[in-house]
Amino acid sequence: MNKTTSSRIVRLLKRAYPDAACSLDFKSPIQLAVATILSAQSTDERVNLTTPALFRKYKTVKDFARAEGSELELLIKAVGLYRNKAKSIIEFAKAIQRDHKSRVPTTLAELEKLPGVGRKTANVIQGVLTGRGEGIAVDTHVTRLSFRLGFTKNKEPKKIEQDLKKWIDSSDWVMMSHLLIRHGREVCKARKPICESCFLAEVCPKKGVSNTKRLSP
DNA sequence: ATCCCGAGGG
DNA sequence: CCCTCTGGAT
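In the working numbering, the protein residues as written are 1 to 217.
Derived from the structure by calculation, the hints contain no laboratory data. All residues carry an ideal CB built from backbone N, CA and C; glycine is no exception. A couple of the hints might just be wrong.
[To be verified] The calculated label-pair distances, taken between Cβ atoms and stated as ranges, are: (1) E68 with K155: 20 to 30 Å; (2) R132 with E156: 16 to 26 Å; (3) T43 with P18: 36 to 46 Å; (4) D99 with P18: 31 to 41 Å; (5) R98 with K192: 20 to 30 Å; (6) A201 with E68: 45 to 55 Å; (7) N84 with A201: 32 to 42 Å; (8) D63 with G118: 20 to 30 Å; (9) G69 with E156: 25 to 35 Å.
Can you make the complete structure from the sequences, with help from the hints?
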């Protein structure tokens, strides 16, 4: 990778997806946080089908903190990993109530300390809430595209994030995640990437490689 | 069978 | 490092 190529990739992605943004539905910080926790190993689409009923029943941090586990599990069952997620959400809300006056914190360090919140989730919440990311959220799409486009040769999310930061302007960190995720869902898919109609093909080292097993890290 | 905006525990 | 948790779509 080099600065010229990375700038070009960012420019092309922005041109293709000028409206790229977090695709989770939310109206408050706690809703964003809960939706992001639910999105683990699930699709944003499925999360968005699940959250309306959930947010109708639980509105505030305190509502989630005093939620009944079994009741919460039932409401989020369709997103998968529901027992872990229900427990995470309740413990997450309790910690915010205890340590942050029932307000979702907006720094990466504070978010990462909360139960159920790892590096990726913390980056999403921090970036979307503030508009300026302290880091870059590395999910399965960002991992795959970073590898295919030549931003990284590492497979550890932490190292991938560092590699991306080297080439992307910090003002683009939040946008970059959304751009890569969007492109990953629509074109550079895990199984059958549509290289024939990809506007990044000219700068992509992996273009046209049909064996998708070798494309994924 | 594989994948989806992962985290926690061993 | 590895494993488990989980359901729905493809």
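- Query: Holds or violated: 20 to 30 Å for the Cβ distance of D63 and G118?
  - Reply: holds (24 Å)
- Quick one: are D99 and P18 within 31 to 41 Å, going by C-beta? Given about 38 Å between the Cβ atoms, the range holds.
- Query: Quick one: are N84 and A201 within 32 to 42 Å, going by C-beta?
  - Reply: Roughly 39 Å apart at Cβ, these two residues keep to the hinted range, so it holds.
- Message: Please check whether R132 and E156 have a Cβ separation lying inside 16 to 26 Å.
- Response: holds (25 Å)
- Message: Assuming the hint says 20 to 30 Å, is it satisfied by the Cβ distance from R98 to K192 or not?
- Response: Given about 47 Å between the Cβ atoms, the range is violated.
- Distance restraint hint 36 to 46 Å, applied to the beta-carbon atoms of T43 and P18: violated (23 Å)
- Lying within 25 to 35 Å: is that true of the beta-carbon distance G69 to E156? holds (33 Å)
- Query: Within 20 to 30 Å or not, the Cβ separation of E68 and K155?
  - Reply: For K155 against E68, whose Cβ atoms are near 39 Å apart, the range 20 to 30 Å is violated.
- Message: Does the beta carbon distance between A201 and E68 stay inside 45 to 55 Å, or does it fall outside?
- Response: holds (52 Å)
In terms of the numbered hints stated before, the structure departs from hints 1, 3, 5, listed from lowest to highest.
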